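Residues per chain are reported as follows:
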Amino acid sequence: MVEVRDTERDLYQLRLRLVIAMTLVLVCFGVLVARFVYLQVYRYDDFHAQAEDNRIALVPAPPGRGLIFDRNGVLLAENVSAYTLEIAPKRAARLEETIAALSGIVEITARDRQRFRRLLEDSRSTDSVPLKVRLTDEEVARLAVQRFRFPGVEIRARLFRNYPLGETAAHVIGHIGRISQEDKRRLEEQERLSAYAGSTHIGKVGVELSYESLLHGQVGAEEVEVSAGGRIVRTLSRQPPVPGANLVLSIDVRLQKLAEELYGDRRGALVAIEPTTGDVLAHVSRPSFDPNLFVDGIDSQTWQSLNEDPDKPLLNRPLRGAYPPGSTYKPFMALAALTTGARTPQDTISDPGYFQLGNHRFRDSKPSGHGTVDLRKSIVVSSDTYYYKVAYDMGVDRIHDFMKPWGFGQLTGIDLEHESAGILPSTQWKLKRFKQKWYPGETPSIGIGQGYNAFTMLQLAHATATLANDGIVMKPHVVQSIEDPVTHARKRTVPKESYRIPLRREYLDLVRGAMADVNRFGTGRIAFANTEYVAAGKTGTAQVIGIKQGERYDARRIAERHRDHSLFMAFAPLENPKIAIALVVENGGFGAQAAAPIARKLFDYHLLGKLPKDVSEDLLPRLLDEAELRDVPESVEPEQVGEPEAPR
Amino acid sequence: MIDERRSLWERIRGHVLVFDGPLMFSLALLVALSLVTMYSAALDYDGRLQDHVRNLLIAFAIMWIAANLPLQWVQRTAVPVYLLGIALLVGVALFGDISKGARRWLDLGVTRIQPSELMKIAMPLMIAWYFQRREGARTWADFAIAAALLALPVWLIARQPDLGTALLVTAAGLYAIFLAGLSWKLIAGGLVAGIAALPVLWSVLHDYQRHRVLMMIDPSSDPLGKGFHVIQSTIAVGSGGIWGKGWTEGTQAHLEFIPERTTDFVFAVFSEEFGLIGNSVLLLVYLLLIGRGLVIAANGANIFARLLAGSITLIFFTYAFVNIGMVSGILPVVGVPLPLMSYGGTAMVTLGLGAGLLMAISRQRKLMQT
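If you're matching them up, the sequences are chains A and B in order. Take numbering that gives the first Met the number 0: the final residue in the first sequence is number 647, and no numbers are missing along the way. Take numbering that gives the first Met the number 0: the final residue in the second sequence is number 369, and no numbers are missing along the way.
Pulled out of the complex, with its shape left as it was, chain B reads as follows (with noise of 0.2 Å):
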């Protein structure tokens, strides 16, 4: 009986601790957090804390299922779930649902999903698996293979349009190929011919793109349009102070100065409630789980899991660096969530993966020393 009962724990306990410590110390630090300020911030919506809870329970159990899974199947699904990727995307270019003005979401009957946001992962896992096939055979040609791959979901999302998920997955993309030893001449070369480009890329935004980099450079200029968001996201940051204005105290927050104060901004909740100590500590938080993200990458089993524990860990990064940068003014206004602290169903699930996907690389590791 004993025996059996202890075989049983052994069984599972493989698939119970799959988790990283340090990781997963500092998601449960931004969890809390993300209570805290949701329930603030969401005091006048009705059930929205109780969603946020929700999503955060199958983000936790979407990283639970991918911390599970074998590292040698994640890299055979690549090429599956890249090709699965660009098919949604031509979908909801013939067949998406317009939603304020852009295509970006494919009904499915049961569900509506939004598959741009799918290619965050998928880029990095298509690009990670076509360096490790080519590896120690690397030659500039294969630079130019991935940028390929990387162009192609870029420009269909592009078109939709949707320029901040557009810019992430490009990001997502290049991380893998800086990570995989993209030359520094061309890096430089790049660098140089994306400048050059800017004129180009101004050239095909669509006006409200252009409006909110103008908006970012002087939101002044429209005070009670579109630089409403930043003027008033700013001041709330601004007159939170060092110490803060107190949990649910914040008046920007609660008398309605702050759009989209559960999502996109909800940075400003917890900035004027918290003051420059709460910033801190949340920055400390993201830092933690990026460096312990890149250990991870530093210690992957071999190249595929290398590069995609690198590029996630950078996404997520450019996710809190893109989201806060914008809500204190100095970024334009692009629709990125804060990683687990907005509310959002799909963000969520994205980062549920990315974090499972981290944990899988780490317990492969750790598998391979034992």
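The shape of chain A in the complex, shown without the other chains (with noise of 0.2 Å):
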């Protein structure tokens, strides 16, 4: 009986916790079906959220680059397609001995090295860096056959700028570069930087920097269904990139090449401006460099010897370059001096060979002296002692309150970047770059554009573009015209003029006519012998050291990079002038020697269409005949070898 008892007992008990188990189940259960309403319909919308990002993946789709033409339709710069060995570091497995093998494969140089190790630095951890550029097709084929045994290694057709003329007006075309750290912080601070998904390159100076927005176009976007592994599945949407916008420049490339041909290996800036728009013609640095390196990186040993070389082939000159006008100013004090009162036509001086001022007696470069010279004289002849005195009498500020309208030591707004001020000096200035006041003494050779005045040569061809347009301000600038990449309707950048200096038309005609008379009976009468154009000029010295009171100058006697520099103003034809000029060849010596025959052969070459006997028409770049320009490359997207791989 007990036992019955117990085992009835032990069934009850039994029984009682399969009821307390199955009371378990039930709560566990309804755990889950809580986490299930949880997950499933509170917070559905996050998830269903996150499953869509999984599911979708923005790649972008770079826009092709804008091309740049010059004025006539030369091509400047373009898109080429070409074959890349590239490296993913992210993917690679270890790089050095993937560069050891791959070196196996095709040459690779110790340059190419170098550069892929500053780019390395320098890009964006999960970019692939392009170790090798510009592959033969041989190499393609080599490669392509033993890829596989390289993870990260890649193969792929990329669009390269293209700079067909090389070293001829880089520093007005400039060059693109790969994105740094520092250019993706710039964009950043611009809210610029989603326009640069998929893009690799950037302007990096000139024109290819200044016009950059213009240039890149806008990135377009492809909406791909991506699976875990990054495996495209299918293409859900396609939002085509906007190619950049062409560029005609204002600038004749044929004559900035005959330009830059005429320097030969002599140092130097020269602008050349049509008066009436403010087109620049040419603008020429010499030396110059090819901005092809530059591209898709430079190797450092390059790189350092274009940096460090004296002749400082990547300084834009024209730009940045300020050089005392020397005698080039004069025309622009003899206007000062009409404009302000300070002389008139007729005032005459007796020139002794100097000016003396207290004790110090202030040379003219011709010891004995120019006689009796009024204003018209004081031109041609290049009388000093008559600007000392004028400057002199006119005092710094009212020779720096006439100079300023004019663009003298202002930025004159070039749509390029990196423009130099230069130096107007003035007491003020003075005062507040030196601490210190003007002295009386240091103003004579103001008046002679020595002392403290320091321009670049895009102010002085600026400020005689404006002396040939009437005193009419035109603003200087590089790109003539915006071209629409695909209905390819033109859009003039041309601004109207920026504004008027009030001139009387009988001092205008005066200096011009002085001016005229320099390059017949003055100091230009020998590079201008037989014009068919009436051709105004001035010629300038400017000197590079300082010479001792009393001592003399002697050009063979000075360090080659102590020479004067050589400088030549001018615009021409004298009336309804088509083209103003400055230049300054480096240490060349007199401005009548060196500078002024380079002016008189392009102005015979922009006016007439001679070219020098020395120089071939195979020189200059081809002008296109019309079938060609109708011809001309359009932007085009950048293709890819093999499967894209979409960002995680």
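None of these hints come from the bench; they were simulated from the model. Do not take every clue at face value.
As the list claims (entries may be wrong) - Far from chain B, by Cβ distances over 12 Å, these chain A residues were calculated: (1) 20; (2) 29; (3) 33; (4) 49; (5) 103; (6) 153; (7) 194; (8) 414; (9) 437; (10) 469; (11) 503.
As the list claims (entries may be wrong) - The calculated lysine to aspartate or glutamate pairs, modelled on DMTMM-like cross-linking and capped at a C-alpha distance of 25 Å, are: (12) 376/A to 496/A; (13) 577/A to 603/A; (14) 474/A to 574/A; (15) 184/B to 7/A; (16) 203/A to 77/A; (17) 474/A to 441/A; (18) 495/A to 483/A; (19) 577/A to 414/A; (20) 184/B to 9/A; (21) 365/B to 7/A; (22) 203/A to 221/A; (23) 365/B to 9/A.
Source: prediction; values computed, not measured. All C-beta atoms in this analysis are idealised placements derived from N, C-alpha and C, irrespective of residue type, glycine included.
Can you join these two chains into the complex? Each is in its own frame, and there are hints to help.
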């Protein structure tokens, strides 16, 4: 009986425990249901978004970069398709070993490696970095066969920026380069970084930099469905990129090339401007460099040699090189004297060959003096004494106030970055700069374009163009029009006049006539012998080193780099001027010797189409005929080899 | 002739109609859900659906055989099966194959087996047998002996290391001990001791096991590593919403965001495609299965039958709960399959055997009543 009761009690206890267990089961399932409701109802939107985010990736489609032409349609910057060997450092197993193994297949030079290392430091970690660019077809074939051995190594067809004319106009066109960390930061500040998704290059200098936002175009996007491994399953939608605008420069690249040839090995800067429009026809900086070197990262050796070259080939001289204008300043000083009433055309001085101020003697370049000098003669013979006196009589601030509207010592506002302002001295400037007052003894030198005066050739050319254009100031520019890459509709960038400098016609005619006489009877007469047009000009010679009191300048005794700079400013023809030029030949000696002949030959070419005897037509970039003009290459989208990889 | 034929049917019908109706019904529903889910989950795996069907058929055959076994015979095999299991576990420890850093498999030349899987059935079998023997004269010492019988294989499995299986075997033994009438005082004491032992347990855990526990607490701490499984399966479940994305339309599943989508994480595929509604249906089917199992246990012919049926049913529940809890991110990632839904042969055999034993117990009771 006891046993039976025990058995019954056991059974009862077991069943109770089974009920408890069932309760536990229900509680646990209840927890699961609560979790499902939380995940699938309460937080559905969140998880739905996350799942979509997993599924859909946006792959940027970089736009094709706009092309650059000169004013006559000569191609200056183009996009060429070529293959590159690239390594994605994140996915490549061991970088050094991979490169070593690859060099067994294609030649990888020490420069390639150096450049690769430089780019690696400066690139985003997810980027693939080019190891060797512009592969030959044979190299592509060899690599393609072996590629499976190297994870993270890719052969890609990319569009390369190519500058077919190399050094010619390099400082105007500039170049692009790979997007650096610094570029990235700048884009981030401008909130334009998203526009560069998928882009690898950006304008670094020249027009490529200043018109970057137009040339770059708008990035497109492809919405794709991707697997967890990043494999693209299908394309959901596609927004094509908008290619960048083409630029038509105001530069006449044949004139540009001719000017560069005329410089030869000499250093210097030259700017030619069309006075009525402000079109910059030539912008020469010598020596120059090959912008193609920079496109895909320059190796450190070449970079160092360019950067440390005493001739400074990378320096944009017309834009950033400030020179004392020397005697080329005199026509402007003459106008200043006339307009402010400091001199009348008839006022004369007797030039003994010096100007005495206290016990300091300001010497004339002609020790014996020019005799009786009036304003016209002062320009034609380039009398220093006349302008020492004018300057001294006017005072530095009146000179400054007259010269400022001409753009001397001011930014011209040209469409190129990093322009230098130069120095147009005044008492206020000196106080600010040196915390010193202006001494009257510093004024006479100002009158002959020496002293503190330091202007760029762009400023001098701009002022010359303004002089030729009756004082109507046109803002200088190197881009003439912007072309829509699809419709080819062109929009001119040329603005209306900036402002007018009030000048009396008779004074203008007097000064310009005197400048024409410079080339007929004066310092420019040899260079401008037998011209078929009337050219107005003024030579200048700027001292590089000071010459002690009582000492004579002797070119032969002075080191080449300490010789005077040779300057010239001119415009032609006298009536309805078509071209205004300012140039400097560094350490070229007298302006009449080195600089003036260059201007003469450029005028001959620009106005008459005449080339100098020693320059052959083949040397200049060929102009396209009508059929070719219509057939210019269009911006194209970059293509990729193989399957593109989506960003994770 | 007619008589003979009838007698033939009479003779085999006892072996054919061994199935418990309600149990069979819920199993059939599960198999249907399983096939539908596996079809979608295995779309990119050639032959996996066929293999799954094959496994289901094998499980069915095993279930049928087990359902036919006389309970007395089953009771007699308890000790030899348990001893065999221990022997195999020792064999694994000495000669086992190492896979993924753990020694779990034993190569028998013909096939590779995972002896720890066998212990999931052998363990409750042994404890149920022991308490049947001590029927009517149970003392606290019997519970101590049962605990010792449990501790030995758990220790052997835990040191493989295979924490998931060790926990499941522990659970299987504890269910039997609990149903046998372990006093509440001891249960309370055990819980307190268990909680107190957590730091000790933590110190003996392997790094990857600790990692998994930490991952469950905060999966986002390692989104691309170990946390990836849980984060992505949780997204799959959540993005399923109320109605689900539709059969074969799960983006998480088909774009390879769910690792192990045919095995341990198959529930993520199911949940993404069928949503809250599907989940509820699945839980109801499991509930039906578990409820019927517990009823069978309550009506068992003797202590052995009752304890065995109760433990098997509760293990079944534990599988389902732990797996779903893991996939939906409330339990750590342990290698526990979802009963009948996950692809995998060994677990399927264990489940078939368990279901068969439940049916044998149910049939025994009916035989006794008639």
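Hints, one by one, checked against the model:
| no. | hint | result |
| --- | --- | --- |
| 1 | 20 | violated, 6 Å |
| 2 | 29 | violated, 10 Å |
| 3 | 33 | violated, 10 Å |
| 4 | 49 | violated, 5 Å |
| 5 | 103 | holds, 34 Å |
| 6 | 153 | holds, 23 Å |
| 7 | 194 | holds, 29 Å |
| 8 | 414 | holds, 48 Å |
| 9 | 437 | holds, 69 Å |
| 10 | 469 | holds, 71 Å |
| 11 | 503 | holds, 79 Å |
| 12 | 376/A to 496/A | violated, 32 Å |
| 13 | 577/A to 603/A | holds, 12 Å |
| 14 | 474/A to 574/A | holds, 21 Å |
| 15 | 184/B to 7/A | holds, 22 Å |
| 16 | 203/A to 77/A | holds, 16 Å |
| 17 | 474/A to 441/A | violated, 32 Å |
| 18 | 495/A to 483/A | holds, 22 Å |
| 19 | 577/A to 414/A | holds, 21 Å |
| 20 | 184/B to 9/A | holds, 18 Å |
| 21 | 365/B to 7/A | holds, 19 Å |
| 22 | 203/A to 221/A | violated, 28 Å |
| 23 | 365/B to 9/A | holds, 21 Å |
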